[in-house]
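Produce the entire structure from the sequences given, and follow the hints as far as they go.
Chain residues, written in single-letter form:
Number of protein chains: 2
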Amino acid sequence: MYATVLHGPGDIRYEQVEDPKIRAPTDAIIQLSATCICGSDLWPYRGIQASEQPMHMGHEYCGVVIEVGSEVRTIKPGQFVVGSFCLSDNTCPHCEFGFQSSCMQREFMSGAQAPYARVALADGTLVATQEMPDADMVQHMLAVSDVLGTGWYGAVAAGVREGGTVVVVGDGAVGLMGVLAASQMGAGRIIAMSRHPSRQALAREFGATEIVEERGEEGIARVMELTNGIGVESVVEAVGMEQSMSQAMGICRPGGSIGYVGVPHGVSFDGQQLFFRQQRMMGGPAPVRRFLPDLMQRVLDGKIQPGKVFDLVLPIDQVAEGYKAMDDRRAIKTMLTL
Amino acid sequence: MYATVLHGPGDIRYEQVEDPKIRAPTDAIIQLSATCICGSDLWPYRGIQASEQPMHMGHEYCGVVIEVGSEVRTIKPGQFVVGSFCLSDNTCPHCEFGFQSSCMQREFMSGAQAPYARVALADGTLVATQEMPDADMVQHMLAVSDVLGTGWYGAVAAGVREGGTVVVVGDGAVGLMGVLAASQMGAGRIIAMSRHPSRQALAREFGATEIVEERGEEGIARVMELTNGIGVESVVEAVGMEQSMSQAMGICRPGGSIGYVGVPHGVSFDGQQLFFRQQRMMGGPAPVRRFLPDLMQRVLDGKIQPGKVFDLVLPIDQVAEGYKAMDDRRAIKTMLTL
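Those sequence lines, one after another, are chains A and B. Everything in the first sequence is counted per the working numbering, starting at 1 for the first residue and increasing by one. Everything in the second sequence is counted per the working numbering, starting at 1 for the first residue and increasing by one.
Quick caveat, the hints were computed from the structure, so don't treat them as lab data. One or more hints might be untrue.
Said to hold, decoys possible - Cβ-to-Cβ under 8 Å is the rule here; a few derived chain B residues that face chain A:
(1) Gly69
(2) Thr91
(3) Pro93
(4) Phe97
(5) Pro264
(6) Val267
(7) Asp270
Claimed, not checked - Sample of chain A residues lacking proximity to chain B, with all beta carbon distances greater than 12 Å (derived):
(8) His7
(9) Pro9
(10) Lys21
(11) Glu71
(12) Arg106
(13) Met132
(14) Ala135
(15) Gly159
(16) Gln200
(17) Glu214
(18) Glu242
(19) Asp270
(20) Arg330
Where is the CB? At the ideal position from N, CA and C, for every residue including glycine.
Dropping the structure here:
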């Protein structure tokens, strides 16, 4: 088959590779219904994150099971499934504690920007629907796999509660999903920090009640002004850069919580500063598997339409253009059709 | 009056100073029933923390109100009171949120290693008993003011729950109070990390169910062994050094919580490492005021005897020896009688 392979910074190719095969008896092979490009794919694409190349790209997926290994018990060929970017057995103590992204057998998904993919630990990782969803559900189901699950976890980690006030730092796809999550959780005030009109509009559609365009110290001052100098109890940090983290810390009230879901790059914390800020910090790769059944049901019930975050849809053989559009910030998130 | 003054590293003197006076109409003057030396007093004593000198020492106190300013409404002369080391109005939004240690009017108590002391924001800071407690209650009431309140906050920040597993890193006074707090909160397993037989004994008396003597990597390995390789859900870090923090992070399970209440000295965190560890971090100066009424009642009801943490009692004119004994680790915590 053809698949998406990164050969070096900026060098994405859709090229012939070997077909995925069952390697362990707990594997499944799925035929993807659609796939997409993640903000985190841009780190190796930009050469900022060291990675072995050529690298098979893609970790967001949904599709139909076409083959399972001999030890797969609950997942069956013909089922429509969604899985997380973290492959997990869903039975180890960390999984049972709700942190499947730290599963004792954890692997990270790869190679999903392709028509077919191997999913390890299939029984633990994949969640099947009862029926084949309509085609117009695919984009929303695909979004659940990582970007919505990650935004959702950010909101959970930020302690979002009904009636509470939330700031989302970062208007990328994860940040926008953080807005949607906070809205679903019943937050009373959702302040999205965004300078881009199209992203602001989407943030409002997902439930943002206020937009702050300023950044850095000015952004902090603006949020403090909006909250009578108090700051907010919940901050979702969805970028992972030093400036965005400083912003998150600058607007979080003492005793508030920062859920940080952008993988930190070049971020460090001074212990004493963190101590006196007295903010609850919780981050990490999202345990999307914990949320999958609930989020898939919300999609199927028509309560949420997270797939609206895809503002560029390309056939997969134009995947290189999809990366470029995201790298140039012309697109929030690119869906790839098959 | 005479009071405790630090003139330079290791140079503690009990010397004549001016009597404390009402300076703001919200002040009170108390006659201390007893006072004590805090582990954090050792930072400036050791010259590790820069501070203006001469410095009036002491921030833990209980005693009898002898005078109040014209705007003090609820606190009255003759009352026995306990206050926190953080002075707070108890009415601002941060106080109402339970984080009085970040009160918008916050001041830090000083000058309490003396027979009399001025307490600012008296109505917000002080909690009075209904009756004058018996003399044998004084040591326990004194412990509530900071060391128990801080250990208690550490356990709250570490998410200690009934039946849960807790590790307390640090066998100083705060760590021992963390053990007591975890025990009161109903933790099922309380592992105290301690190498000192006398501190181990006190930890057991306060509720520790297991002792780990090893430190550093060996200590981490031992706790992991005791928890089947899983780690624990709640860690109270009560030291504030790099080694103790690494230990805390090494034994906390993904999704677990670290309550860190030792003021960090020379501790920094790498953002990406913190992210992938996926541990909830919550620290800061303890909002003792939040816990005061409850903790004072537990003392008066005879449920807890936190004053047992004082293993050296000296008349206040021997305060210099009290510092020395704690600096040499001959004493866990020194109470000073008046």
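Here is what the structure says about each hint:
1. The restraint placing Gly69 of chain B at the interface with chain A is violated, with a minimum CB-CB distance near 26 Å, outside the 8 Å limit.
2. Because the beta carbon of Thr91 of chain B sits about 13 Å from the nearest beta carbon in chain A, more than 8 Å, this interface hint is broken.
3. At a threshold of 8 Å, the smallest CB-CB gap from Pro93 of chain B to chain A is about 5 Å, leaving the interface hint in force.
4. With 8 Å as the threshold, the beta carbon of Phe97 of chain B comes within range of chain A, its nearest partner Cβ sitting at about 5 Å, so the hint holds.
5. Residue-level restraint check for Pro264 of chain B holds (minimum Cβ-Cβ distance to chain A is 3 Å; threshold 8 Å).
6. The closest approach between the C-beta of Val267 of chain B and any C-beta of chain A is roughly 3 Å, which is under the 8 Å cut-off, so the hint is satisfied.
7. Restraint check, Asp270 of chain B versus chain A: the minimum CB separation of about 6 Å is within 8 Å; hint holds.
8. For His7 of chain A, the shortest C-beta to C-beta distance to chain B comes to about 25 Å, beyond the 12 Å cut-off, and the non-interface label holds.
9. Chain B leaves Pro9 of chain A outside its interface by the beta-carbon criterion, the shortest separation being 20 Å against a cut-off of 12 Å.
10. Against chain B, the non-interface label of Lys21 of chain A holds: every CB pair exceeds 12 Å, the least being about 30 Å.
11. Distance check on Glu71 of chain A: its Cβ is at least 23 Å (rounded) from any Cβ of chain B, clearing the 12 Å threshold; non-interface status holds.
12. Separation of Arg106 of chain A from chain B is inadequate, the least Cβ-Cβ distance of about 10 Å not exceeding the 12 Å criterion.
13. A cut-off of 12 Å between C-beta atoms confirms that Met132 of chain A is not in contact with chain B; the least separation is 34 Å.
14. Look at Ala135 of chain A: its CB is around 36 Å from the nearest CB on chain B, clear of 12 Å, so calling it non-interface holds up.
15. Not every Cβ of chain B is farther than 12 Å from the Cβ of Gly159 of chain A; the closest lies at roughly 10 Å, contradicting the non-interface assignment.
16. Distance check on Gln200 of chain A: its Cβ is at least 27 Å (rounded) from any Cβ of chain B, clearing the 12 Å threshold; non-interface status holds.
17. No beta-carbon of chain B comes within 12 Å of the beta-carbon of Glu214 of chain A; the shortest separation is about 23 Å.
18. Glu242 of chain A, annotated as away from the interface, has a beta carbon of chain B within 12 Å; the closest lies near 8 Å.
19. Once the 12 Å rule is applied to beta carbons, Asp270 of chain A is inconsistent with being away from chain B; the minimum gap is 6 Å.
20. With a least beta-carbon separation of about 28 Å from chain B, Arg330 of chain A lies farther than 12 Å from that chain, consistent with its non-interface assignment.
Hint check: violations occur at hints 1, 2, 12, 15, 18, 19; the rest are consistent with the structure.
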